[in-house]
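**Student:** Now for the letters of each chain:
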Amino acid sequence: MIDVMRSEWTKMRSVRSTVWTLGSVPVLMVALAVVGALATVGAGDAGRLADPVSTSLRGIVLASLVTATLGVIAISGEYRTGAIRTSLVAVPGRLRFLAAKAVVLTAVTLVVGVASAFAAFLAGRIAFAGRAGEVSLADPGVSRAVFGAGLYLAASGLFGLALGVLVRHTPGAIVTVCALLMVLPTLVALVPGELGRRLLEFTASNAGSQVAVVHPTGMGPWTGFAVYLAWVALPLAAGAVLLGRRDA
Amino acid sequence: MTAIRAIGLTKEYGAATAVSGLSFDVRPGLVTGFLGPNGAGKSTTMRMVLGLDRPTSGTVTVGGVPYAELRHPLRRVGALLDAKAVHGGRSARNHLLTIAQSNAIPASRVEEVLETVGLGAVAGRRIGRFSLGMSQRLGIAAALLGDPEILLFDEPVNGLDPDGILWIRTLMRGLAAEGRTVFVSSHLMSEMAQTADHLIVVGRGELIADTGVEEFIGRSSQGYVRVRSPYLAEVAEVLPGAEVHEDHLRVTGRTPLEVGTLVAARGLAVEELSLVRPTLEAAYMELTRDSLEYSS
Numbered sequence: 001m002i003d004v005m006r007s008e009w010t011k012m013r014s015v016r017s018t019v020w021t022l023g024s025v026p027v028l029m030v031a032l033a034v035v036g037a038l039a040t041v042g043a044g045d046a047g048r049l050a051d052p053v054s055t056s057l058r059g060i061v062l063a064s065l066v067t068a069t070l071g072v073i074a075i076s077g078e079y080r081t082g083a084i085r086t087s088l089v090a091v092p093g094r095l096r097f098l099a100a101k102a103v104v105l106t107a108v109t110l111v112v113g114v115a116s117a118f119a120a121f122l123a124g125r126i127a128f129a130g131r132a133g134e135v136s137l138a139d140p141g142v143s144r145a146v147f148g149a150g151l152y153l154a155a156s157g158l159f160g161l162a163l164g165v166l167v168r169h170t171p172g173a174i175v176t177v178c179a180l181l182m183v184l185p186t187l188v189a190l191v192p193g194e195l196g197r198r199l200l201e202f203t204a205s206n207a208g209s210q211v212a213v214v215h216p217t218g219m220g221p222w223t224g225f226a227v228y229l230a231w232v233a234l235p236l237a238a239g240a241v242l243l244g245r246r247d248a
Numbered sequence: 249m250t251a252i253r254a255i256g257l258t259k260e261y262g263a264a265t266a267v268s269g270l271s272f273d274v275r276p277g278l279v280t281g282f283l284g285p286n287g288a289g290k291s292t293t294m295r296m297v298l299g300l301d302r303p304t305s306g307t308v309t310v311g312g313v314p315y316a317e318l319r320h321p322l323r324r325v326g327a328l329l330d331a332k333a334v335h336g337g338r339s340a341r342n343h344l345l346t347i348a349q350s351n352a353i354p355a356s357r358v359e360e361v362l363e364t365v366g367l368g369a370v371a372g373r374r375i376g377r378f379s380l381g382m383s384q385r386l387g388i389a390a391a392l393l394g395d396p397e398i399l400l401f402d403e404p405v406n407g408l409d410p411d412g413i414l415w416i417r418t419l420m421r422g423l424a425a426e427g428r429t430v431f432v433s434s435h436l437m438s439e440m441a442q443t444a445d446h447l448i449v450v451g452r453g454e455l456i457a458d459t460g461v462e463e464f465i466g467r468s469s470q471g472y473v474r475v476r477s478p479y480l481a482e483v484a485e486v487l488p489g490a491e492v493h494e495d496h497l498r499v500t501g502r503t504p505l506e507v508g509t510l511v512a513a514r515g516l517a518v519e520e521l522s523l524v525r526p527t528l529e530a531a532y533m534e535l536t537r538d539s540l541e542y543s544s
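Chains C and E, in that order, give the protein sequences. Heads up, the first sequence stops at 248 in my numbering, and the numbers go up one at a time, no gaps. Heads up, the second sequence stops at 544 in my numbering, and the numbers go up one at a time, no gaps.
Chain C on its own, in the form it takes in the complex:
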């Protein structure tokens, strides 16, 4: 298993597209934190109502699509080029192959995600320069939210991988993951009343991002994240079964 993970790590670092995609995560996170903080400060009194942590971490909406895309191409890229056959001849244990890919992807996106979230938080704090709410990592829920943003980014990467295994087609999988993360909540929001409100809570992105806010609404941060992991586990399990059965 270590051998296969080593191989997957080499695959990831030896292609420019994955390196650039990954590199855009901290850039997005920090840039949006600074823009958000400056806009909040510029809004004067109205800005005082804003949650400075959420403002600093607002980049996760876009950055999660980036890590999801990374997850998709980690597997769909192999299908596109046909390299999947080389991979499966080298590692005929398909579950082992997928597990190694998932572990390496998760490790990489977690490290980059957590580091980016902390960088974004610090950048936001500098941009706020004490003018809006002064927050520190020692305040209740703050470090959990910042770390949680990294977790959300890593889970989104795994979500992308799961849909990539299932769909095997880069554009199809990316459209699917974007639809589930971005479009589904707006559709569910159209459902009226209490039912709509409950369903909205359970959508992948709403549930998953609870862990990245200081004051979660509705379900708690960890319950929310667990719901997101269930969203990830479902296609991942289905993809693993199909990967084992399908001809490569």
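Think of the hints as simulated: they come from the structure by calculation, not from any bench. Among the clues, some could well be false.
[As the list claims (entries may be wrong)] Chain C side only, calculated, beta carbon under 7 Å to chain E, not exhaustive:
| # | residue |
| --- | --- |
| 1 | D3 |
| 2 | V4 |
| 3 | S7 |
| 4 | S14 |
| 5 | R58 |
| 6 | T81 |
| 7 | A83 |
| 8 | L88 |
| 9 | V89 |
| 10 | A90 |
| 11 | V91 |
| 12 | P92 |
| 13 | R96 |
| 14 | T217 |
| 15 | A248 |
Built from N, CA and C at the ideal position, the CB exists for glycine as well.
With chain C's structure known, arrange chain E on it following the hints.
**Tutor:** Frame of chain C; chain E shown alone:
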């Protein structure tokens, strides 16, 4: 000792049957040609050997076990399937490194095989820019990485220039001479005639012949004795059953000596009496005529 053994191997895609009840053994120390027209099921068979495609029925084992059960398969089996099926953004060295690492093959082997196939100078270049010939060499380097005793090559000379073809031919002969098993598919009889010791011939997914190259030619009915004479009509009389052509006769089922004796008994002069051996190409065409997917 059998390196690859297929028993009743069958693969159906919906209503279409790609491979049907194929049984054969591939032995070490020989180059075994896997021959058949395009669409005969050769690549499908190779993918089943390597555990990529699941047989509809039947089994195939490598060194006695199903491929998927091998711990570090590349140390036992090396394969060249589609040389262009690689991520073009990776360098040749990194491409081979990812393969080596997955089977715990030391990284030093990467440099060794790159030298073996003559790609040492372009090891750092992105493989998307490689010519087909260079890609084939890279694919062969990947197959050689684990120093395997069994090698599979699917149409390795496709699209290669004469230098490349000669190189691959020499390489395969050398690998077999070292006692390794070399199983190579081709739709080109002429190519196999110069490389293979043994032939497994398929058509429409079914086994047509499993035989040595010499026997394969011998089995063909196309060998004949060719006779030319100014007295063709008289000669034809003493050789019942001979095929009469405009300026010569074709006698099958008799040796040149028998033909000569019969003609000499009548005192007839001949200007040519020769044995025309069937070519491998002709034998192949004759055998596969019925199994071409799309006859022209």
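**Student:** Now look at each hint and say whether the structure bears it out.
**Tutor:** Against the structure, the hints:
no., hint, verdict
1, D3, "holds, 5 Å"
2, V4, "holds, 5 Å"
3, S7, "holds, 4 Å"
4, S14, "holds, 4 Å"
5, R58, "violated, 32 Å"
6, T81, "holds, 5 Å"
7, A83, "holds, 5 Å"
8, L88, "holds, 6 Å"
9, V89, "holds, 5 Å"
10, A90, "holds, 4 Å"
11, V91, "holds, 5 Å"
12, P92, "holds, 4 Å"
13, R96, "violated, 10 Å"
14, T217, "violated, 43 Å"
15, A248, "holds, 4 Å"
Comparing the model with each numbered hint stated earlier shows that hints 5, 13, 14 do not hold.
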